[in-house]
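Got chain A sorted already, so can you dock chain B onto it with the hints?
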Amino acid sequence: MAGFIVRPTHEHALLDLGELWRFRHLFTVLVWRTLKVRYQQTAIGIAWAVLQPLLLAFVFTVIFGLLVQMPTDRGQPYPVFTLSGLLVWQFVAQSFQQATGSVVANSHLVTRIYFPRLLLPLAAITAALFDLLCVLGLMAVFMAWYGVAPSIGVLCFVPAVLLAAITVLGLALWLGALYVPYRDVGHLLPFMTQIWMFICPVFYPLFLLPPKYTLIYALNPIVVSVQTSRWAFAGGEPPALSMVAVSCAVAALLLVSGLWFFRRHEGRFADLV
Amino acid sequence: MSAPALRVSGLGKQYAVNELRHTGTLGARLWSIVRPPPENPALPRSIWALQDVSFEVAPGEVFGVIGRNGSGKSTLLKILARITVPSAGQAELAGRVGALLEVGTGFHPDLSGRENILLSGAILGMTPAEIRAKESAIIEFSGVGRFIDTPVKHYSSGMFMRLAFAVSAHLLCEIMLVDEVLAVGDTGFQEKCKAKIAEVAQAGGTVIFTSHDMAAVERLCRRVLVLSEGRVAYLGEAKAGIAEYWKRVLA
Chain A
-8 MAGFIVRPTH EHALLDLGEL WRFRHLFTVL VWRTLKVRYQ QTAIGIAWAV
42 LQPLLLAFVF TVIFGLLVQM PTDRGQPYPV FTLSGLLVWQ FVAQSFQQAT
92 GSVVANSHLV TRIYFPRLLL PLAAITAALF DLLCVLGLMA VFMAWYGVAP
142 SIGVLCFVPA VLLAAITVLG LALWLGALYV PYRDVGHLLP FMTQIWMFIC
192 PVFYPLFLLP PKYTLIYALN PIVVSVQTSR WAFAGGEPPA LSMVAVSCAV
242 AALLLVSGLW FFRRHEGRFA DLV
Chain B
514 MSAPALRVSG LGKQYAVNEL RHTGTLGARL WSIVRPPPEN PALPRSIWAL
564 QDVSFEVAPG EVFGVIGRNG SGKSTLLKIL ARITVPSAGQ AELAGRVGAL
614 LEVGTGFHPD LSGRENILLS GAILGMTPAE IRAKESAIIE FSGVGRFIDT
664 PVKHYSSGMF MRLAFAVSAH LLCEIMLVDE VLAVGDTGFQ EKCKAKIAEV
714 AQAGGTVIFT SHDMAAVERL CRRVLVLSEG RVAYLGEAKA GIAEYWKRVL
764 A
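The listed protein sequences derive, respectively, from chains A and B.
Residue numbers are given in our numbering: position 131 of the first sequence equals residue 122, and the series is strictly consecutive.
Residue numbers are given in our numbering: position 26 of the second sequence equals residue 539, and the series is strictly consecutive.
For reference, chain A alone in the conformation it holds in the complex (with noise of 0.2 Å):
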């Protein structure tokens, strides 16, 4: 029989994997229901997922592109540039406000039922993955019509956006339990989106940074993340080693520590949210 003892204080394992096996049904379903709910009840449904990346791709090229006349790493055609961008960017947002505000979300689970929280963070991201694929599919239509190759970086995209995955799983943790008492945290998210995007090389080049600052720019592991996209999908440059290795020890660091703040903290979510 499965026994426990319930104390007042947990030994605080940072991850128990062992009980997260044991929630997998919980976790499927959990992902299952974010995307049925998500795209029933409406009229194009699966569609939003390419629309908003294509939409944003439109208006990027439009205002960047021809207007400003943004350069590009080597000449490439804006749209498969920005796009290749917006690819891991938009997986980056979705599913960083997401997970973020998944423990309030759920608070009707939360206030009434046991499973490990940290199920419904990790589910907003797998389903944010989801439409990440969706947008894969617009990538390639994209680079047929400029044609463009893929190159050898393809190879590098899967770690890509592991990386990207879990630098947001670690801010989420953070963010996540600190919205459970303060819903400050709600206000603020929408903004720091916001502020994220335009330090990642979304709508601009990389080279376009004096290189003497590119390690502090790496401090976002997503600047790697999205580099290396271009670079598989729309002929850019692969991102220096350097800065792979500092974006891969922030990452590391905001999930270690991000799942030491959660499970310090989840204990007491349902007295709180």
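If you're looking for bench data, these hints aren't it; they were derived computationally from the structure.
Hints are supplied without guarantee of correctness; some may be wrong.
To be verified - Dumping the calculated BS3-like pairs for lysine-lysine here, alpha-carbon to alpha-carbon at most 30 Å:
no., chain 1, residue 1, chain 2, residue 2
1, B, Lys666, B, Lys709
2, A, Lys27, B, Lys666
3, B, Lys760, B, Lys707
4, B, Lys707, B, Lys666
5, B, Lys666, B, Lys647
6, A, Lys27, B, Lys647
Claimed, not checked - Here's a subset of chain A near chain B, in silico, CB distances under 8 Å, partners left out:
no., residue
7, Leu17
8, Val20
9, Arg24
10, Val28
11, Tyr30
12, Gln31
13, Tyr105
Said to hold, decoys possible - Over 10 Å on every C-beta distance to chain B, these chain A residues come out as not near it, computed from the model:
no., residue
14, His16
15, Leu21
16, Val95
17, Val101
18, Val235
Just so it is clear, the structure is predicted and the values come from calculations on it, not from any experiment.
For each residue, glycine too, the CB sits at the ideal point set by N, CA and C.
For chain B alone, kept in the frame of chain A given last:
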């Protein structure tokens, strides 16, 4: 006597009054460092919603927890269900715990009845295979019939409650926590619920349940715990416990 299914010793739960007032904005917190708010002597800084509660429940027993509103019944069940951590003491639970704290937990209005059975079953810890095996029994028990593929937001509140309880009643666990569900539905449905509780106990399961329906408590439980202001007022035979309850309610 065999090993208890549930052993609670010295359990307590303390709430800071500030938390209950929901004034915890980050700004207020920072401001209070600069200028601490005046102490209100009429308001205690914290209250014990539950204090020094100890009892044991044997496997196969239906155990009642009764008391007035605010006596700590729901807090006790929330701790046993691991929804919130206790501030003192501990509880040992031997087996899978199924909490039925409020019916409809996890139901999503936009999903159909059938989809909500899957969702709700997973939330209560069942595997998809277990849920599929019980699906027709759940639909039968709920009496929702042909509306099972309609989104539950179009259900009447009675249908919604019945389907929600039907899922919970079919979950597989050794210890079942039931909070006030007997207040749901018409008399016929309530009878079904009571029969289900007795059935779980007969199959060797342990049921901890709270209710204000003393007739049901007397019929289902051999022993009860009476709580008053978070403390144990009585622990023992159901009949004497119910007398104690009435004394406190009418006082």
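Hint numbers not upheld by this structure, sorted from lowest to highest:
Hint check: 11, 14, 15, 17 fail, others pass.
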